[in-house]
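**Student:** Here is what each chain is made of, one letter per residue.
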Amino acid sequence: MTSAPDPRTAPRTRQPSRAARWSRSRAARWAVPTGLAVAVVGAGLVAPVVAAAEPDLPERTAAELIDDLQTAEVAGLSGTLVHRADLGLPSLAGLTGQGGGPGGSTDALSLLDGEHTLRVWAVGPDRSRVSLHGEMGELTAVSDGEDLWTWSSDDRLATRYLLPDDGPGTPAADLRARVDAVVPPLTPREVTDLLLEAVGPSTDVTVGDPVTVAGRPAHQLVLTPRADGSLVESVRIAVDAADRVPTRVQVFAVGHEPPALEVGFTSLSLVPPDEETVTFTPPPGATVEEVDLRQAAEDATAPHGGAQDPGAGTTGPGDGPPVDLVGDGWASVLVASLPPGALEALAQGAAGMPAPESEDGASFGPRHGGDDDADVPPTAQVALLLESLPAVEGDWGTGRLLTSRLLSVLVADDGRVVVGAVDRTTLEAALTRSASPGPTGPTG
Amino acid sequence: MSAADAGLHRATHTAPAGDAERLGNLVTGMAPAGGARAVPRGATWRLFRSELRLIYRRRRNLAGALVLAAVPIIIAVSIRVSGSGDGDSFLFGQITVNGLFVALAALFVQMPFFLPTAVATIAGDTVAGEANQGTLRYLLVVPVERTRLLLVKLAALVVFAASATLLVAGVGGVVGVALFGAGPLPTISGTTLSFAEGVGRLLLVCGYLTLCLVALGAIGLFISTLTEQPLAATIAVLVVALTSQILDALSQLEPIHEYLPTHWWFAFVDLLRDPVATEALLPGVVSALAYTAVFTAAAWARFTTKDISS
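Residue numbers (numbering that gives the first Met the number 0), protein chains in the order written: chain F, 0 to 443; chain U, 0 to 309.
If you are wondering where the hints come from, they were derived from the structure by calculation, not from laboratory data.
Each residue gets a CB set at the ideal place from its N, CA and C atoms; glycine is no exception.
Incorrect hints may have been included.
[Unchecked claim] Stretches of chain U that chain F covers, calculated by requiring three or more beta carbons in the stretch to come under 8 Å of a beta carbon on chain F:
no., segment
1, 42-55
2, 90-103
3, 256-265
4, 288-296
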């Protein structure tokens, strides 16, 4: 090892090698920020891969997993969910709040597209809080065991739904349906319950590779529809290995590799949260509304009594538009008829409206979009959306078709609407089979 | 030319009071020690103080501070006069309920442009400004070790970023409470915090935004070592901040969004949820620290290897 010459005494002839050292040290110095940058980006890329590593779990049969899901009891939980929708919907600008920019509004429809964060807390079976995070807002539903509260931070609106007592006269299922009407199935638990109901002879149930969800090892249950025409390729349910609760549900569409719909925990704790989190007190400055569902429930359970009241605005089973379920299992199709004249009314509402602006971020809902001067009423938005859809025709007539990876909707010009997680052929077949409601006039 | 001449030179160019005194201090503090390695303790502190004096005594910077402070006042007065913030986002809508929201709304409004501009001005000036004034080589002659000089500049940037956010929050808070009163603070989640907790959350917001701005400042520090034109450096920093925000708004570029320096800025809103949601705040903090580290290191690599000729 040679000692480095003292720079002060080094002769001038050492200059070239000093320059070489200089450039070496320059390279060494630049290696620091470069190395840091590579390390940061690398960690960002590697961390998710490590976190999602396949865990080593003892084997479990599909039947055992279904049994786990149906019998697991949790005293409470709190966690964060990520909801991802990649439905391949046509541009719904104006219908869904654009989640991208700050100020994007928060509503349940925005879940149809993109990635959203939800937080959930639950204490026991009937008390919970679910919050849908928007960029600048939050939509919260709190079920405190007695009433259901919803909170929309965009409108500073707290709504209290007075729920019927779960007494002998009121079927629990009916109550549940009413709560679901306000809060769509969001958590893996709710989605799983729905799916397990659908498991029947039309479904292959198998066990997939174990996965890590929210840092917890989980088994995977794979449901594969056997039905022809179904848009669903498979559904994967992650079942927590330790606590047997569903931690993630992924729905895969035919011919599309990434999940079309996914809801899963990114963090989960099965320790019951504070009682405080599942109670709701309207904050100062909030508008408080009250919706009484008790009367409606009585009407619904009464055998065709007050449900025929023409003034009733609620959608009891008796007074909605006629709805038929055609087909069964995964390929079932919902056939409904719009009230006569509804399409014409929509078309009139749209007349004179400007074409939808592609990026205006206005949201669909009566209470949103107040800060947007291009405030298109929702009916006109629906009409414009309808017009933007491709026109289709068949032996059933003509109409407009909305297709997505998981759901197809066909609105016939005679007012019939068919909806299903099926392809176009199946929808058209269902329309052909269902009798036309009887033309009220010559329809195009 | 001697170090004392350097002080004069700098003073004639930069005008603000205390600048001649600055190098004077440095000279008396360090010159006797003789070698670059034998700098007495306290010299760094003196350099830091003189750096702060340079920032806070500049008329240009004071004018910028007035703009920052004016925004919350304008927001508060206009909402007071018009009577309500209805129809606006949560931050604005709650102003009439609790005065602290004036501070939050002002931070929200200024985060895309005004606060980054303030930081870009200071950061662009750090090295390029000295080079442009011809004071840099004299500073180094004094002698100040380059690494130390850079770290002192970064520390001054941190202080400046914190003071800028606290200025907006402080003015907004005081004006807001004066016009709309103090009381329990409604959160985005629909819960209610006590006023003290609300102030705590506001301070957390300031801390988080300071981190974000320091990351931008570190980028500016690096750019400032590349040029001798402080204005060019400032504009470059602003271009970085604005381009990043534009790219962040393009959904087609979604895969790179989380790597953009401005992507996590508005996660500060999550501090107003109850309980605080950390899903975006934590990556935001990590991102800000990573940007600060990488670009400070890059500035160091550049500054310690570059030929200083002015």
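**Student:** Now tell me if each hint is right for this structure.
**Tutor:** Quick rundown of the hints versus the structure:
For the segment 42-55 of chain U, the stated coverage by chain F is not satisfied: 0 residues place a CB nearer than 8 Å to a CB of that chain, which falls below the threshold of 3. By the rule of at least three residues with a Cβ nearer than 8 Å to a Cβ of chain F, the coverage given for the segment 90-103 of chain U holds, with 6 such residues. Beta-carbon proximity to chain F at under 8 Å applies to 3 residues in the segment 256-265 of chain U; the threshold of 3 is reached and the given coverage holds. Here the segment 288-296 of chain U counts 5 residues with a CB under 8 Å from a CB of chain F, which clears the bar of 3, and the coverage holds.
In this structure, the one hint that does not hold is number 1.
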